[in-house]
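In the order they appear, the protein sequences are chains A and B.
Reminder that position 143 of the first sequence reads as 143 in the numbering used here, one-by-one numbering, no gaps.
Each number in the numbering used here comes from the position in the second sequence (counting from 1) with 255 added on.
Honestly, the hints are just simulated from the structure, not real lab data.
Among the clues, some could well be false.
Examples of chain A residues toward chain B, derived with CB under 7 Å [said to hold, decoys possible]:
| id | residue |
| --- | --- |
| 1 | Ile49 |
| 2 | Arg64 |
| 3 | Gly77 |
| 4 | Phe81 |
| 5 | Trp105 |
| 6 | Leu120 |
| 7 | Arg126 |
| 8 | Val158 |
| 9 | Trp179 |
| 10 | Asp180 |
| 11 | Leu182 |
| 12 | Leu184 |
| 13 | Thr197 |
For each residue, glycine too, the CB sits at the ideal point set by N, CA and C.
Residue-level listing of the chains:
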Amino acid sequence: MATKMTPQQRMTDIADKTQGSQAWNSIFRPGSIFRKGYSDSPRNRSYVIMNSLLYHLHPVKVKRHAVKVSYTLCLGGLSFFLFILLTITGIFLMFFYRPTEAQAWSDIRNLQTGVAFGMLVRNMHRWGAHLMVLTVFLHMARVFYHGAYKAPREFNWVIGVILLTLTLLLSFTGYLLPWDQLALWAVTVGTNMIGYTPVFGRQTRFVLLGSIEIGTNTLLRWYVLHVLLFPFVIVIFMAIHFWRVRKDGGISGPL
Amino acid sequence: MADIPEHLLKRAEEAKAKAAAKKAAAAGGAPVGEPVAATPNADAEAAASFAEAEASGKIPAHLLARSSAAKAAKAGAGGGAGEEPAAGGGVALLERPGAGAATPSPAGLAQTGGPALVGPAGHTQRLLTVVKAGSIQDVKSTPIDKVSTWPHLLVGEFVASLLCTAFLLVFSTFVRAPLLAQANYNRTPNPSKAPWYFLGLQELLTMFHPMVAGVTIPGMGIFILILAPYTDRNPSNKPEDRKFAIGLFTIFMMFWAVLVVIGSFFRGPGFNFVMPWNKGIFFDF
Ligand code: HEM
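Next up, chain A with everything else stripped away, as it sits in the complex:
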């Protein structure tokens, strides 16, 4: 005898059937809170991490002092988060930008005046980039003042120095792209210095500029470096950096 279901019962019925379906269970691992539901218990707290992608970043438990904002000041995490924001806003900018002498500057101007949220996203990308340089520097200082580079974390500090260099390179290659007076002459000052590298100075500068003077070739090169090569490389080094944080026994300290 089929009894009529109330709308509420129907909803729970649909939910039950969905969660029992093969498709649902193929997506969420056994033990995932999306399979079993979540109620607060020590075991379920572990499952949240263990049965999700988060397990690649975090262990199930962390030292109590490491959770306090006053220890890391969130600086490493914020550097990483800013990198993600920059990736998202940067992809948006790429839809409207062509890296040639004739088009670059006017593309940016049109983006600011004629594209919905164009100005806002460009501002976020630029200020976010400056902010990331700052947070990476401050993160380095935090690590130094905590003596967190000492054994067994020496090598992660070295990875960190590489990350700092890559962050500066990312910022500097991006600086040229708007192709305004600020971009052209800041990069002129910067690359003139590179020209003084002993022995290979002129050659290095030529490879970087794609010619003797800054021009369309330079724009294209720096564009590819900025949107593809350096992000690719920095992501690899970030992966090693985070992996080492865990393998070296988690965050250092307490002091």
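Please build the complex by placing chain B with the ligand on the supplied structure of chain A, with the hints as guidance.
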């Protein structure tokens, strides 16, 4: 479908194992040297030895017994097909005693496609090795005060990222990124400045040969940074023990910060020294 939730099932199972272990302990230790079989007693013994091993960080006693039994069985079989190389000491093979005279090694099994290896309780796995804690991860033996990543760390991270996004959004709504006139090779701005984080180097350019200011000094700077962990031999991380290192690093950072501030705000036309309150600021982000 009236399925019992997975976590409840697991909990019940654990409770059962615990009760069995207790019973076994009460009945007095089982005779030593008993062949490893799938009696409930052996299971309980295993559970007890696991618990013990967990406490001491050693290889559980019943696993050791199992591996030596397996070794003995193998030696008794008179070198079955495919001699195993004597690999690392921690390798323990699980072979069922009484599985026939010639216990096939894995290699031999693959060749003959031999009988299905099904263990006492229907298990098809075998124990290949026991990895002691500490050999893979850097584990401190002293207990540390820990909290669950969820929610304690993740909530913090989430809030921090929200605040960061909010700040950037509001700031970007009110402050415009600069876009000067289109690049023009024939109109050199005066002064021409590098991005702010390179202004320290540009400042050095006023004092040294360009090779020294643009290549040697920054190169040395990076090199010194990389060497820091290898030159600082002081094992302590307490600020009061590291006055020299902290002082040196502070001077290092202040040196660059001061140069950057001078380069940004105190340099005007011709990169000459100016007071910003007299001549204005010649600086763009
Ligand atoms: C793109 C740049 C960087 C990112 C995204 C990043 C990210 C992180 C994160 C998320 C942590 C975890 C602890 C924390 O948040 O403080 C960390 C730790 C660490 N970082 Fe970085 N980092 C970067 C650059 C650097 C730099 C420039 C250095 C040093 C030169 C460095 C050295 C270290 C060290 C030694 C640790 C371990 C600290 C500890 O155990 O207390 N990192 N990093």
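Check: So which of those numbered hints doesn't the model satisfy?
Finding: none
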